[in-house]
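J.: As a plain string of letters, each chain reads:
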Amino acid sequence: GIQVEQSPPDLILQEGANSTLRCNFSDSVNNLQWFHQNPWGQLINLFYIPSGTKQNGRLSATTVATERYSLLYISSSQTTDSGVYFCAVEGFYNQGGKLIFGQGTELSVKP
Amino acid sequence: GAGVSQSPRYKVAKRGQDVALRCDPISGHVSLFWYQQALGQGPEFLTYFQNEAQLDKSGLPSDRFFAERPEGSVSTLKIQRTQQEDSAVYLCASSFMDRGADTQYFGPGTRLTVL
Chain A
6 GIQVEQSPPD LILQEGANST LRCNFSDSVN NLQWFHQNPW GQLINLFYIP SGTKQNGRLS
66 ATTVATERYS LLYISSSQTT DSGVYFCAVE GFYNQGGKLI FGQGTELSVK P
Chain B
147 GAGVSQSPRY KVAKRGQDVA LRCDPISGHV SLFWYQQALG QGPEFLTYFQ NEAQLDKSGL
207 PSDRFFAERP EGSVSTLKIQ RTQQEDSAVY LCASSFMDRG ADTQYFGPGT RLTVL
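Quick note, the sequences are listed as chains A and B, same order. Per our numbering, the first sequence runs over residues 6 to 116. Per our numbering, the second sequence runs over residues 147 to 261.
Treat the hints with care, since some could be wrong.
Stated by the list, open to error - A partial selection of chain B residues facing chain A, derived with a Cβ cut-off under 10 Å:
hint	residue
1	L167
2	G186
3	Q187
4	Y194
5	N197
6	D202
7	G205
8	F211
9	T222
Claimed, not checked - Pair ranges (Cβ atoms, derived):
hint	chain 1	residue 1	chain 2	residue 2	range
10	A	S113	B	A199	24 to 32 Å
11	A	N61	B	A184	37 to 45 Å
12	B	S208	A	T71	20 to 28 Å
13	A	G62	B	S208	20 to 28 Å
14	B	A199	A	P44	17 to 25 Å
15	B	R210	A	E20	30 to 38 Å
16	B	P154	A	E111	37 to 45 Å
By construction, these hints were calculated from the structure, which means they are not laboratory data. What you are looking at is a predicted structure, and each value in this text was computed from that prediction instead of being measured. Even glycine gets a Cβ: it sits at the ideal position worked out from N, Cα and C.
Here chain B stands alone, though its shape is the one from the complex:
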C-alpha cells in the first residue's frame, strides 16, 4: 500500500516568508509525528498528534512553528517568518497505535532552505 507522503519535496524561502509543509500519513494510522533533521544530525522530535489532538508539542523550537491535523488525517507544519536556522529536512512519520510502542513509518521529507 501507499506509504507516508510529503509535499513539497523541496522548498526555498526567503528569510521572513511563511511556509507550509504537508504530510499525508498511511491510511488508518492514528499517530502522526513531525521531526526536524539538520545536516549531519539525527532527526529531532517536534510534535505529535493522536488523531486530530496535538498531545505533545514540546519539540517545537519557537512560537513561529505551528502544526495542525484538523480531521485526523493530513497534517500541515507551518513556519512563520522563516529564519536561516530553520533550514533543515522536515520529516513526517505515522504509526497505527495510539500509545507508542509501535513501528513508525517515515515519509521522504521536505528539504527547506531559507536564504
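Only chain A is shown next, with the shape it has when bound in the complex:
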C-alpha cells in the first residue's frame, strides 16, 4: 500500500520563527490533507490539498503531486501552534476515501 513519511519527527521553535514540514508519499493520490492535533487530541483540518498551493493566514501548503511530496509552512509561529501535525493521503486507486496517515511532526513553540 501507499507509504507516507513525514519529516522532521520533532521540531522546537522560538515564538515568531518560521518552519517547513514535509510529507513524502509513495504513489499517486486523490486526496491529501494536513491536520493539526491539539493537546486535547482533536484533529483540526488545515488544508485539503491534493495538488497546488493554498494559504490560510500564517499557514500555507504546497503539494507537488508529480514529485509526490507536500510542504506545510508555518510563519511567525505562536505557542498555540504547538501539537502534532499529520499529513494524510488517499491513494489514487482507492475508491472509498480511506486516509493513510504519516507518523506526524511534533511541534513545540516556546515563548
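We have chain A; now place chain B onto it with these hints.
T.: Below, chain B alone, put in the same frame as chain A:
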C-alpha cells in the same frame, strides 16, 4: 454548524467486557470512517460506510470488532471481549462525497482504556 460528535469521550473497561462507541456525523454526510489511534502514532483506518453500506472493513483488527450504521447516519463501533491491546483513541470522521477525494472532518475521539 455542528461538527462530528462522539460519545463517550472516555471509556474504561475491564478486560473481557464489551463496549460500544457512538459517532454522530455531520448532517448530510454520506461517508463515515472509523480510525484507531495508538499512543504516539498516526490514526489507522478501521472501516468505511457509504450511507448504511459498509464498503470496506479491511482495517478491523479482529472479528471482535464490529461496526454498523443502520440508517445511514449514526454509527456504532462495538468491541467484544476487550483486550488490553484495544486501548487506543477511536476516531470517527465523515465527508460529504461518496467516492473519496473529499475533506474528512474528524470528531474528538473516544479514549478507550482496557484494564
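J.: Quick check: which numbered hints come out false for this structure?
T.: 1, 5, 8, 9, 10, 11, 12, 13, 14, 15, 16
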